[in-house]
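Sequences are here, hints too, so could you generate the full structure?
Using this note's numbering, you'd call the opening residue of the sequence shown number 463 and step up by one each time.
Careful, some of the hints might be misleading.
What the hints assert, rightly or not - Straight-line alpha carbon distances no greater than 20 Å define the calculated EDC-like cross-link-like pairs of lysine to aspartate or glutamate that follow:
id, residue 1, residue 2
1, 737, 684
2, 643, 653
3, 916, 926
4, 723, 738
5, 544, 515
6, 754, 564
7, 544, 526
8, 576, 926
9, 656, 926
Don't read these hints as lab results, they were simulated from the structure.
Predicted, not measured: the structure shown is a model, and the values here were computed from it.
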Amino acid sequence: MKTTNYLKKAGFTALALSFCSLTIVSCKKDKDGESEKGDKEIAEIKPQDFPSDLGIEGFNFPEDSTTIYTWLNKQDTVSITKHAWGIWAGLTAKTGQMYGEDSLYVFETWLGVKELADLSAAGKKDGGCTPIKKERTQLNIPRQFIHAQFLKDKDSVKAELTSDVFETVSYNPQAACHATKNLIFNQSELDKYKVKEGIGTIPGFPADAITTKPTYYAGKPDENGLIRVPVWPGTPNPAKVFGYKMWNTYVYADTKNRQPKNKVLVPVTSKTPTKEEIEKATCNVSDFINYKLDNKAAVYLNLHEDKGSTNFKAGDIVLLVAMHVGTKEISNWTWQTYFWSSNQNAPLFPSSSFEAGLMPAQVKGAAKHYAVSSAYAMVWPNQPINGGTNTNVKPIIAFNPYLEAGLTGVNLPNKLNPSYKYGVQTNCMACHAVATAQGNISYTTDQYISMDDKTLFTNQVQLDFAWSIQGNINPKK
463 MKTTNYLKKA GFTALALSFC SLTIVSCKKD KDGESEKGDK EIAEIKPQDF PSDLGIEGFN
523 FPEDSTTIYT WLNKQDTVSI TKHAWGIWAG LTAKTGQMYG EDSLYVFETW LGVKELADLS
583 AAGKKDGGCT PIKKERTQLN IPRQFIHAQF LKDKDSVKAE LTSDVFETVS YNPQAACHAT
643 KNLIFNQSEL DKYKVKEGIG TIPGFPADAI TTKPTYYAGK PDENGLIRVP VWPGTPNPAK
703 VFGYKMWNTY VYADTKNRQP KNKVLVPVTS KTPTKEEIEK ATCNVSDFIN YKLDNKAAVY
763 LNLHEDKGST NFKAGDIVLL VAMHVGTKEI SNWTWQTYFW SSNQNAPLFP SSSFEAGLMP
823 AQVKGAAKHY AVSSAYAMVW PNQPINGGTN TNVKPIIAFN PYLEAGLTGV NLPNKLNPSY
883 KYGVQTNCMA CHAVATAQGN ISYTTDQYIS MDDKTLFTNQ VQLDFAWSIQ GNINPKK
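Pasting the structure below:
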C-alpha cells in the first residue's frame with residue numbers, strides 16, 4: 463500500500479475510530495499471582511512509576527551520576543550491564559492493571575509521545591504530570607524506517623509506508639511531566655531556544671526520566687496457530703544494510719502454547735522448511751511479551767502492514783521483539799537496547815553470553831527471552847561531553863537488529879572510521895546526540911560527537927537526545 467500523505471491518513475484513521483470500541487481496564491491479580499490491586503473494573507490506565515525496590519543487589523534508579531561516570535572511567539562493563547538488566551527488570555514488572563485480557567507491565571502504562579504532543583498542542587502543561595490513559599499507546603511505523611524520506615521531503619513523505627514492525631514510543635511519568643510543563647512538542651516553544659549563529663538547547667530532562675521504544679512484530683498465525691517471526695542471525699561480514707526482511711531466519715510462535723518449557727530452538731533458514739524443521743523452530747507465544755490488539759490498532763495494521771491484506775482484527779496478537787531505553791541518569795543519557803533471542807543464554811552480537819550471564823533472577827517470565835546491548839559511552843575511553851576526540855579510541859557498537867540493521871541514510875561523515883556506513887555500525891548515544899528540532903542532520907554511525915560541535919549544531923536547537931520530540935512537533939503551536 464502506498465500513500466503520499468501518511469499524516470493525513472493516520473489522523474483520519476484515529477478520528478474515525480475514536481468511538482469504535484470501549485475497552486475496559488481493570489486492576490486485579492494477574493495470572494502469575496505477582497501482584498494484586500483489587501478487582502474493581504475501571505475504564506483507565508494509570509501510568510506507574512519505575513519500581514522503587516526490585517530487590518536486585520547493588521541496583522539503584524536513578525543511580526548517582528558520579529557512580530556511572532566511575533564505571534565509564536574504568537570501562538566497567540559488568541556494572542553497566544547489571545544496571546541495564548535492572549532497568550529491564552523494572553520495565554517488565556507487572557503492575558496489576560489490566561487492559562482487556564492483558565496484564566500490563568510497567569512500560570505499557572506510560573503515555574505515548576503522540577499523547578504528549580496532543581497535550582502540548584492543547585496547552586495542558588500539567589497534562590503529563592497527572593495523566594490517566596484511556597487506551598494503549600497506539601502503534602506507528604518506526605521513524606528509523608522513514609527518516610531518510612523525511613530528510614528529503616518533510617512536507618510530504620513519499621514512501622511506501624508499510625511494515626511488519628511497529629513501535630509505541632513512551633515516556634515515564636517524570637519525563638512526561640517535563641515534556642508537557644515545557645510544551646517541548648510545540649514549535650513556538652522550541653523557537654524560543656534558538657541562538658543566532660550559536661547552539662540552542664531545550665531544558666534538560668530530570669535525572670529520573672526514562673524514554674522507551676517498545677517495538678512489535680505483527681504476523682498472522684497460519685492454520686496450525688503458528689506465527690512466523692524473523693530472528694536475528696548475527697551481524698553480516700562485510701557490513702551492509704541488513705533489515706529483518708533480509709535475514710531469512712525464523713522461529714514460529716505457537717499461539718496455543720503447546721510447546722514444552724525450556725525447549726531448545728533451532729531457527730529455520732530454509733525458504734521451504736520441512737515439518738520437522740518447523741517443529742524444532744517452534745516456541746510458545748508466551749515466550750514473547752505480547753498483547754492483544756484493540757479495534758483501533760487492528761485497523762491501523764490493516765492500513766500499514768507490509769502484506770496489505772492480512773485482515774487483522776481485535777484480539778489478534780503482536781509480539782514484542784525489541785525495545786530501546788534511555789535514562790537521564792547522566793548528561794548524555796544511558797542507552798540500553800533489548801531484542802528477542804532464540805537462544806537466551808548465548809545471544810548473538812551486539813549482545814553476548816557474557817551479558818546474558820549477568821541477567822538477575824528478578825527478570826521473569828517472557829522477559830527472560832531477550833538479549834541486551836548497552837551504550838553508556840560513544841567510544842572507549844569515554845570522552846568528555848564537549849571537546850573530546852576520535853583519535854586513539856575504540857568503537858562501542860550498540861544497535862537493535864530490528865530497528866537499526868536496515869538503516870539507510872546513515873551518511874554523516876565518520877571521524878572515527880570513514881568505512882562505518884551502516885546501521886550495524888551504530889551506537890545509540892552517538893545517534894541520539896544529533897537529534898535537533900530542525901531534524902536535518904543524518905543519523906550517524908559510531909563515533910564521538912562533541913555536544914558543542916559548531917560544524918554540526920550552529921543554528922540548531924538540540925533536543926536533549928530525544929529524536930521522539932523531533933518526529934512529533936506541533937508546527938502551528
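Results of checking the hints against the structure:
| no. | hint | verdict |
| --- | --- | --- |
| 1 | 737 with 684 | holds (13 Å) |
| 2 | 643 with 653 | holds (16 Å) |
| 3 | 916 with 926 | holds (16 Å) |
| 4 | 723 with 738 | holds (18 Å) |
| 5 | 544 with 515 | holds (15 Å) |
| 6 | 754 with 564 | holds (7 Å) |
| 7 | 544 with 526 | holds (15 Å) |
| 8 | 576 with 926 | holds (18 Å) |
| 9 | 656 with 926 | holds (14 Å) |
Comparing the model with each numbered hint stated earlier shows that all of them hold.
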